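Enquirer: Residue strings, one per chain:
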Amino acid sequence: MASMTVAHPARQDAAAIDRTAIEPRLLWLLQDKHERRKAGIYIPKTADEIAAGLTGLFAQLGIAASAHNVKRMGGGASKEQFVFDVTGDIPPQFRRCVLRMDPREGIIETCRRREGQILRAVYDTVPVPPVLCVDDGGAMGQPFMITGFVGGVAKPSVSASGPSGLGAVMPAPLAKALTPQFIQHLASVHAVDHASAGLDDYEVPRPGTTDAALWQVNYWTKVREMDGTDSLPLLTLAETWLYDNLPICDDPVLLHGDHRLGNFLFDEESMQITAVLDWELAHIGDFHEDIAYSFEPLFGQRGGDGRLIVGSMVPTDEFVAQYAALTGRVIDPVKLHWYQVLTSYKLIMMNHTSSIIAARDGTNHQNALLAWLAAVTAGLSATMVELLAGDFA
Amino acid sequence: MTPNPVIRLTGVVQTLEHVVFPAVDQSNSLAVEQCGLVLAQLKMLIGHLPWIGAYHQLCFDDVAATAEALPAGAGGPATMGAAAAVAEALAAARAQGDPLAGFHQIGTAIDDLLRAVAQDGGAEYRRSAERTIFAFSQRQSLRSRSWFREAGFDPAPSSVPDYAEMIAGASA
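These protein sequence lines are chains G and A, in that order.
First residue of the first sequence: 2, per our numbering; consecutive thereafter.
First residue of the second sequence: 328, per our numbering; consecutive thereafter.
If you're looking for bench data, these hints aren't it; they were derived computationally from the structure.
Hints may be right or wrong, so weigh each one.
[To be verified] Label pairs and their in silico Cβ distance ranges:
| id | chain 1 | residue 1 | chain 2 | residue 2 | range |
| --- | --- | --- | --- | --- | --- |
| 1 | A | ALA422 | G | GLY41 | 47 to 55 Å |
| 2 | G | ARG97 | A | ASP388 | 45 to 53 Å |
| 3 | G | ASP194 | A | ASP447 | 38 to 46 Å |
[Said to hold, decoys possible] From the structure, some residues in chain A lie toward chain G, with a derived Cβ separation under 7 Å:
| id | residue |
| --- | --- |
| 4 | THR337 |
| 5 | SER455 |
| 6 | THR459 |
| 7 | ARG466 |
| 8 | SER468 |
| 9 | ARG472 |
From a predicted model like this one, the values you see are computed outputs, not experimental measurements.
From the three backbone atoms N, C-alpha and C, an ideal C-beta is built for every residue, glycine too.
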């Protein structure tokens, strides 16, 4: 792969950077995880235990309904998920529901309360599941969110794939139909008025500052500090490079944070996206971040000409052109490059630190998956090497 | 020793694959998925087993050579302390004789050095040290990609050498 050279502005004064600036709710979650770790091995809950928990929850919430046919769902790499039917006094959109619950530890530590706020904020903007309730852990021992069930598939039924939809290949007609929706939904999320969206657990970076970038580097560096396992000088090179080259964010927007194939549902017959899922990494920041994340090779395929096909659907240049046409935003290649390095940085962080710790300690519901995902770091390192070669080779 | 670990693990895999996993409730999607991952991990480990010692030694030799090749430290107290710590880690790791532990002992000292030079390293020293460490990281990236290629996550698997050939080539 060819190395990439992008000229970044003059380096930041290292001593002037506030390395403690992290969204308070996210820092609290990391600290709380370390407390929960003391409880030891996590035994995944059975469907019967979930059914009993739902009975108690509905009574507690004053919902005159009962849950039936509780079944564990497969797929995904971070949260435990169960689907169930509801009968009784319940609106139609909640006749079938999904319970999304935190394991004791996982590949990422995220907040169901924040996720619930986001889903409610974008409900009229992009297709998302309706939220029935969010619980911080009192009702069933672990934090969870319950949403209405939305039909669809996360990858083409004709395509094999790895965990979380990685490596799935889109047939051309499907890719052609889904691409405009995929980009339109991203543009719509970026256009949400986050100041009046009820996002009480989110902090907003100051426009015209490096807050948006800094908070991200600080957060993922803190994850490594708290969950560090093995040495990885490449990751540390990226860390110092990211701090040296923090970009200014002119206009912070609402970001999905994990916008990729595998994180939306679609109907194969109508070829419509039925739900954008997995909002747990959502935050407010620079729009380049979501675009850079989509450009991570792990989430796409290489075309015959070597170009990256985002989500196995659309080449990067066409993605940029369509996004720019929808939003009027101009992609700054320097900022895009910085956020691509950040994307590599945080993805390696997830797989090289928290994931391995959870697998080692048996604190997740799918420890075999987390142990397998540790291998992702090797492939991700290829991308990081390519991105940093222009500065260090 | 007989039987060797590869034979023992191969027997375990065969039993899991043909007796235990077919008996798993196919409607329990989590259990079915985990079975697939358990099998894949065990099969990858069977491939790795004969090469683990040589692979760790190869990685250790390179990180040790990298630490040795770093220029003499230049800069403030953080940099000078971290540069001295790399030399100490190198000596300790070589004395210890455990390639895996030694790899991370030196690697952690290099991690600390990178943060130190960002803080108060002399400009020329920082540039030189970072380039030396980046060059090592490129080689280590290729080694780890080779080691984990069959996991299926590599962005360009055809450009990655087979690990057995890589290790054999390095020792030739």
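Enquirer: Each hint needs a verdict: does it hold in this structure or not?
Expert: Hints, verified against the model:
1. One distance hint, 47 to 55 Å for the beta-carbon pair A/ALA422 and G/GLY41, is violated here, with the actual separation near 36 Å.
2. At about 58 Å, the CB distance of G/ARG97 to A/ASP388 disagrees with the hint of 45 to 53 Å.
3. Distance hint check: the CB atoms of G/ASP194 and A/ASP447 are about 44 Å apart, consistent with the given range 38 to 46 Å.
4. At its closest, the beta carbon of A/THR337 sits 19 Å from a beta carbon of chain G; the interface hint therefore is violated under the 7 Å criterion.
5. For the restraint placing A/SER455 at the interface with chain G, the shortest Cβ-Cβ distance is roughly 11 Å, beyond the 7 Å limit, so the hint is violated.
6. Because the closest C-beta pair between A/THR459 and chain G is about 10 Å apart, greater than 7 Å, the hint is violated.
7. Below 7 Å, beta-carbon pairs count as interface contacts, and A/ARG466 has none with chain G, the closest being about 10 Å; its hint is therefore violated.
8. Nearest Cβ of chain G to the Cβ of A/SER468: about 4 Å, under the 7 Å cut. The hint holds.
9. Annotation: A/ARG472 was flagged as interfacial toward chain G, and the flag holds, the nearest CB pair being 5 Å apart, inside 7 Å.
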